[in-house]
Every structure is written in C-alpha cells, then in structure tokens.
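Enquirer: Given the sequences, and given the hints that come with them, work out the whole structure.
Just add 23 to the spot in the sequence shown (first one is 1) and you have the numbering used here.
Derived by calculation from the structure, the hints in this document are not laboratory data. Be aware that a few hints might be false.
Label pairs and their in silico Cβ distance ranges [stated by the list, open to error]:
#1 E97 / S67: 15 to 23 Å
#2 G104 / S67: 26 to 34 Å
#3 D74 / G104: 34 to 42 Å
Predicted, not measured: the structure shown is a model, and the values here were computed from it. Glycine is no exception: its CB is placed at the ideal position from the N, C-alpha and C atoms.
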Amino acid sequence: MCGIPTTRGIGKMPLTITALPSASQRTKNRIREHGPVFKVRQWSMSVHAMDNRACVLVESSDDWSGWLPLDEIEEKLIPPGE
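Expert: Structure (structure tokens):
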C-alpha cells in the first residue's frame, strides 16, 4: 500500500511504481506503458472516477498523467542523485 500521507514532496521526488500481482489490467498497462518512474501530482482518499477508491495522481516523463489506485501498487522513492 502506498505511503504518501502528506503533500510534502509532491511533484519533486520521483517514485518507482510497480503493480501488485492482484492489480487490475488497467493499472498494469499504465505502469508498463508510461513507467515505472513517476512523479506524484496529487493524492486522494476518494476518487469518483475510480469507484471512490484511494488513489494517487501521477505524471510520467512522456507527459502522461492519471490516477492509480493505492491498493494496486507498491512504490519506492528514488533518492536524489540516482
């Protein structure tokens, strides 16, 4: 489960995101097509378009952005300089 409880660092620190084995095909496809490195733009405990699930809005280096459900992903912060 995602550990992004505050707005500190949003948009600054890149994350490596992987889909959990139980993730939907949509989540797996978005990570494969646009990731695995993303920047967080926003997080929400309830996103209407995602059946009111807790999600994170991410942006990729190819300028794609979209919501990923927190219960379908694992993330790892990329330390500065890597």
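Enquirer: Could you run down the list of hints and mark each one as holding or not?
Expert: Hint-by-hint comparison with the structure:
no., hint, result
1, E97 / S67: 15 to 23 Å, "19 Å, holds"
2, G104 / S67: 26 to 34 Å, "30 Å, holds"
3, D74 / G104: 34 to 42 Å, "39 Å, holds"
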